[in-house]
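Those protein sequences? They're chains A and B, same order as listed.
Straight run, no breaks: the first sequence in the working numbering ends on number 474.
Straight run, no breaks: the second sequence in the working numbering ends on number 474.
Check each hint, because a few of them may be wrong.
[Claimed, not checked] DSS-like cross-link-like pairs, simulated, lysine-lysine; straight-line CA separation at most 30 Å:
{"hint": "1", "chain 1": "B", "residue 1": "322", "chain 2": "A", "residue 2": "89"}
{"hint": "2", "chain 1": "A", "residue 1": "322", "chain 2": "B", "residue 2": "89"}
{"hint": "3", "chain 1": "A", "residue 1": "284", "chain 2": "B", "residue 2": "410"}
{"hint": "4", "chain 1": "B", "residue 1": "434", "chain 2": "B", "residue 2": "138"}
{"hint": "5", "chain 1": "B", "residue 1": "434", "chain 2": "A", "residue 2": "409"}
{"hint": "6", "chain 1": "A", "residue 1": "322", "chain 2": "B", "residue 2": "410"}
{"hint": "7", "chain 1": "A", "residue 1": "171", "chain 2": "B", "residue 2": "202"}
{"hint": "8", "chain 1": "A", "residue 1": "89", "chain 2": "B", "residue 2": "284"}
{"hint": "9", "chain 1": "A", "residue 1": "370", "chain 2": "B", "residue 2": "203"}
{"hint": "10", "chain 1": "A", "residue 1": "317", "chain 2": "B", "residue 2": "202"}
{"hint": "11", "chain 1": "B", "residue 1": "423", "chain 2": "A", "residue 2": "89"}
{"hint": "12", "chain 1": "A", "residue 1": "370", "chain 2": "A", "residue 2": "322"}
{"hint": "13", "chain 1": "A", "residue 1": "410", "chain 2": "B", "residue 2": "434"}
{"hint": "14", "chain 1": "B", "residue 1": "423", "chain 2": "A", "residue 2": "192"}
{"hint": "15", "chain 1": "A", "residue 1": "322", "chain 2": "B", "residue 2": "423"}
[Unchecked claim] Each pair of labels, with its calculated beta carbon distance range:
{"hint": "16", "chain 1": "A", "residue 1": "286", "chain 2": "B", "residue 2": "304", "range": "47 to 55 Å"}
{"hint": "17", "chain 1": "A", "residue 1": "416", "chain 2": "B", "residue 2": "306", "range": "15 to 23 Å"}
{"hint": "18", "chain 1": "B", "residue 1": "319", "chain 2": "A", "residue 2": "171", "range": "47 to 55 Å"}
{"hint": "19", "chain 1": "B", "residue 1": "416", "chain 2": "A", "residue 2": "107", "range": "49 to 57 Å"}
{"hint": "20", "chain 1": "A", "residue 1": "416", "chain 2": "B", "residue 2": "102", "range": "46 to 54 Å"}
{"hint": "21", "chain 1": "B", "residue 1": "416", "chain 2": "A", "residue 2": "370", "range": "31 to 39 Å"}
{"hint": "22", "chain 1": "A", "residue 1": "286", "chain 2": "B", "residue 2": "106", "range": "54 to 62 Å"}
{"hint": "23", "chain 1": "B", "residue 1": "283", "chain 2": "A", "residue 2": "413", "range": "25 to 33 Å"}
{"hint": "24", "chain 1": "A", "residue 1": "386", "chain 2": "B", "residue 2": "466", "range": "51 to 59 Å"}
Honestly, the hints are just simulated from the structure, not real lab data.
Ideal Cβ positions, reconstructed from N, Cα and C, are used throughout, including at glycine.
Given next are the chains, with one letter for each unit.
2 protein chains.
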Amino acid sequence: MKKGDFSFMPDEEYTWVDFETLEKFMRDVMIKIGVPEEDAKIVADVLVTSDKRGIDSHGVGRLMMYYARIKRGQQLPTTNITIIKDNPGTARWDAGNGMGHPVSKKAMQAAIDKAKKNGIGMVVVGNSNHFGIAGYYSLMAAAQGCIGICGTNARPSIAPTWSVEPMLGTNPLTIALPTDWDFPWCADQATSITQRGKIETYARIGKEAIPGWVIDEHGNAATDAPDILDKMLEFKAALTPLGGIGEDLAGYKGYNYATFVEIMSACLTQSNFLQACLGVKDGKFVPYNLGHFFIAIDIESIIDLEEFKKTTGTMLRQLAGAKKAPGADHIYIAGEKEWLAGKERAGKGAPISKETQKQFLQIQQELGLDQYDFGFEVEIDKSATPGW
Amino acid sequence: MKKGDFSFMPDEEYTWVDFETLEKFMRDVMIKIGVPEEDAKIVADVLVTSDKRGIDSHGVGRLMMYYARIKRGQQLPTTNITIIKDNPGTARWDAGNGMGHPVSKKAMQAAIDKAKKNGIGMVVVGNSNHFGIAGYYSLMAAAQGCIGICGTNARPSIAPTWSVEPMLGTNPLTIALPTDWDFPWCADQATSITQRGKIETYARIGKEAIPGWVIDEHGNAATDAPDILDKMLEFKAALTPLGGIGEDLAGYKGYNYATFVEIMSACLTQSNFLQACLGVKDGKFVPYNLGHFFIAIDIESIIDLEEFKKTTGTMLRQLAGAKKAPGADHIYIAGEKEWLAGKERAGKGAPISKETQKQFLQIQQELGLDQYDFGFEVEIDKSATPGW
Numbered sequence: 087m088k089k090g091d092f093s094f095m096p097d098e099e100y101t102w103v104d105f106e107t108l109e110k111f112m113r114d115v116m117i118k119i120g121v122p123e124e125d126a127k128i129v130a131d132v133l134v135t136s137d138k139r140g141i142d143s144h145g146v147g148r149l150m151m152y153y154a155r156i157k158r159g160q161q162l163p164t165t166n167i168t169i170i171k172d173n174p175g176t177a178r179w180d181a182g183n184g185m186g187h188p189v190s191k192k193a194m195q196a197a198i199d200k201a202k203k204n205g206i207g208m209v210v211v212g213n214s215n216h217f218g219i220a221g222y223y224s225l226m227a228a229a230q231g232c233i234g235i236c237g238t239n240a241r242p243s244i245a246p247t248w249s250v251e252p253m254l255g256t257n258p259l260t261i262a263l264p265t266d267w268d269f270p271w272c273a274d275q276a277t278s279i280t281q282r283g284k285i286e287t288y289a290r291i292g293k294e295a296i297p298g299w300v301i302d303e304h305g306n307a308a309t310d311a312p313d314i315l316d317k318m319l320e321f322k323a324a325l326t327p328l329g330g331i332g333e334d335l336a337g338y339k340g341y342n343y344a345t346f347v348e349i350m351s352a353c354l355t356q357s358n359f360l361q362a363c364l365g366v367k368d369g370k371f372v373p374y375n376l377g378h379f380f381i382a383i384d385i386e387s388i389i390d391l392e393e394f395k396k397t398t399g400t401m402l403r404q405l406a407g408a409k410k411a412p413g414a415d416h417i418y419i420a421g422e423k424e425w426l427a428g429k430e431r432a433g434k435g436a437p438i439s440k441e442t443q444k445q446f447l448q449i450q451q452e453l454g455l456d457q458y459d460f461g462f463e464v465e466i467d468k469s470a471t472p473g474w
Numbered sequence: 087m088k089k090g091d092f093s094f095m096p097d098e099e100y101t102w103v104d105f106e107t108l109e110k111f112m113r114d115v116m117i118k119i120g121v122p123e124e125d126a127k128i129v130a131d132v133l134v135t136s137d138k139r140g141i142d143s144h145g146v147g148r149l150m151m152y153y154a155r156i157k158r159g160q161q162l163p164t165t166n167i168t169i170i171k172d173n174p175g176t177a178r179w180d181a182g183n184g185m186g187h188p189v190s191k192k193a194m195q196a197a198i199d200k201a202k203k204n205g206i207g208m209v210v211v212g213n214s215n216h217f218g219i220a221g222y223y224s225l226m227a228a229a230q231g232c233i234g235i236c237g238t239n240a241r242p243s244i245a246p247t248w249s250v251e252p253m254l255g256t257n258p259l260t261i262a263l264p265t266d267w268d269f270p271w272c273a274d275q276a277t278s279i280t281q282r283g284k285i286e287t288y289a290r291i292g293k294e295a296i297p298g299w300v301i302d303e304h305g306n307a308a309t310d311a312p313d314i315l316d317k318m319l320e321f322k323a324a325l326t327p328l329g330g331i332g333e334d335l336a337g338y339k340g341y342n343y344a345t346f347v348e349i350m351s352a353c354l355t356q357s358n359f360l361q362a363c364l365g366v367k368d369g370k371f372v373p374y375n376l377g378h379f380f381i382a383i384d385i386e387s388i389i390d391l392e393e394f395k396k397t398t399g400t401m402l403r404q405l406a407g408a409k410k411a412p413g414a415d416h417i418y419i420a421g422e423k424e425w426l427a428g429k430e431r432a433g434k435g436a437p438i439s440k441e442t443q444k445q446f447l448q449i450q451q452e453l454g455l456d457q458y459d460f461g462f463e464v465e466i467d468k469s470a471t472p473g474w
């Protein structure tokens, strides 16, 4: 591949499944395990949107994770929202250990509504769960003429600078905003360099992790993917923050941004933080009790929206038109790869890996959802069930 | 040095000057060149605060830069603020090409005031100039029970991922918040890995830049510090975003955060962006016309402030107490090094490099500020005057 090229496809073998089928299946699975229909539709939309944007790590491939968590009572299928504080510009909600997606969609909409009245709004949510791609919620704001910012904490993965222990979540700090391009500018990104899912894929296809992604207990870069996965579970390896190991390339900056997201998510909401977000305590599954935050800035309150979109578009065209590195074909702007993935996948659907295929068939069988025929040629293998 | 150790001292030879003298000198220089006394005090406080925190790159060593810009008419000593838009939660100001420090202090205070009423507030400022350390303004919010976020764009330095051309400013995205520690948590950081000032120092002391800090026109890591400085001026070398060269260590994430700061600073305010922020056009000095943004979140509107401080403090203690890498002595939290520098420097003052000593003497002589006797043993060398 040339510099800057990227693939819309997973690194593993896959089978196409159209988005309509995927969305229906996600929704039906959720309904079958107790998620109210309106919420189930939201979960399905968030997951399928992820695959449409080429982010397979956070899309329908996560179905088994939610399914397992609900089945074992770790999170509730129903999402009863309590408003703890409400002000013109801010609010604090409690998600009642329900589904992260519907509460997050509602919270971002509430932040947008506050922004439309006052210029800026923020809603924080506590006692919640994994909410899918953070970009989904920031993009809601962008679609309504706002700058959307959101983040969440997550299972401990990142070691602070000069530590070797997984402490912070991959803690995305995600931003989206409208421009005059064909798609919103959208930085949907974790504050770690990479994520466990990527290393799982590398382990399955026999690829080495890139030095700098993971720090081992000796403070060195670990690259053996299967070994990393084992060691991470034992807290003997950790993801690195953006900026990498040590301070030479300013790893402390990524560590600080990850910490900021952890504070915004957990400390404003009295949710779990750091290693308490493991979902396991004394050998038992317990609620994750995660926190999220959602900020919307109404552009029109500051400057004419069309003027902003045009100026921002011009700026982005200058970035995309900057002098390229030799061998580089294209300078991307945030959200462009996801938009290209969407165009490429339209009419085709999502590439479903063999791992995910097995999980779909298992769930389908357990719930008796016989109306689906994916045509997968795999055997159900319950060993694929994720422990988390 | 052990892993995680850091030095409070510059890498170069220096002479101590006490903070009181420095603050008076900064103020008197500003007043002599037309800055109103109240504003001059603010500029002096921002600059000296930087040195007190150990951030010599943005402190009194920048005096010549402001002095030169005002003298050649590139920026005005007076700061006439125009309020273009004002809403309960947001506002847009124009700084009239005046001093960045006083307008920024007032803008952050306005954001805090809005937050105290509504929960969250944001003020954006356009048509402005270099404002010193971004942390100063975020710390104002922390001191008033708020989470403070601020940023600014700056001269083009960072190349976007897969480009080799300096396009984006070092664009700090800075956050501060109160905790129960002895100092506020404060991530006062650029979205580049490093900054030109660091490479200037390395050039003077004959040190090589760390590979990954700078990309040359061939797309490779440049390390020869004097050569980098020349090439950066010719746009043949650029700083890298946090995450480094290419995508292996997620350089696009730093590039995206830098872009976000550029958009927030320039596109909401119709200020200059990217290479228009050079301060030079057609061989003539022109205003920088920078933009800044200031966000304050009133913690008390969301959760009891003392509870937040305690929870956050507990979380930070867990981070600081995480398992250390072999050879590492200490895991720092954001703002801790600056606090330690402050303790170390209290009663001593700031270490003034020979380069800065020459500049002080030149300015002193030109303005006839004979009441100062720094005791520097250097000759005035006008070649030290920065071109920017």
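Hint check results:
{"no.": "1", "hint": "B:322 x A:89", "in the structure": "holds, 19 Å"}
{"no.": "2", "hint": "A:322 x B:89", "in the structure": "holds, 19 Å"}
{"no.": "3", "hint": "A:284 x B:410", "in the structure": "holds, 26 Å"}
{"no.": "4", "hint": "B:434 x B:138", "in the structure": "holds, 10 Å"}
{"no.": "5", "hint": "B:434 x A:409", "in the structure": "violated, 47 Å"}
{"no.": "6", "hint": "A:322 x B:410", "in the structure": "holds, 12 Å"}
{"no.": "7", "hint": "A:171 x B:202", "in the structure": "holds, 15 Å"}
{"no.": "8", "hint": "A:89 x B:284", "in the structure": "holds, 29 Å"}
{"no.": "9", "hint": "A:370 x B:203", "in the structure": "violated, 44 Å"}
{"no.": "10", "hint": "A:317 x B:202", "in the structure": "violated, 47 Å"}
{"no.": "11", "hint": "B:423 x A:89", "in the structure": "violated, 38 Å"}
{"no.": "12", "hint": "A:370 x A:322", "in the structure": "holds, 21 Å"}
{"no.": "13", "hint": "A:410 x B:434", "in the structure": "violated, 48 Å"}
{"no.": "14", "hint": "B:423 x A:192", "in the structure": "violated, 40 Å"}
{"no.": "15", "hint": "A:322 x B:423", "in the structure": "holds, 27 Å"}
{"no.": "16", "hint": "A:286 x B:304: 47 to 55 Å", "in the structure": "violated, 36 Å"}
{"no.": "17", "hint": "A:416 x B:306: 15 to 23 Å", "in the structure": "holds, 19 Å"}
{"no.": "18", "hint": "B:319 x A:171: 47 to 55 Å", "in the structure": "holds, 52 Å"}
{"no.": "19", "hint": "B:416 x A:107: 49 to 57 Å", "in the structure": "holds, 54 Å"}
{"no.": "20", "hint": "A:416 x B:102: 46 to 54 Å", "in the structure": "holds, 52 Å"}
{"no.": "21", "hint": "B:416 x A:370: 31 to 39 Å", "in the structure": "holds, 35 Å"}
{"no.": "22", "hint": "A:286 x B:106: 54 to 62 Å", "in the structure": "holds, 59 Å"}
{"no.": "23", "hint": "B:283 x A:413: 25 to 33 Å", "in the structure": "holds, 31 Å"}
{"no.": "24", "hint": "A:386 x B:466: 51 to 59 Å", "in the structure": "holds, 53 Å"}
Violated hints for the displayed structure, listed by number in ascending order: 5, 9, 10, 11, 13, 14, 16.
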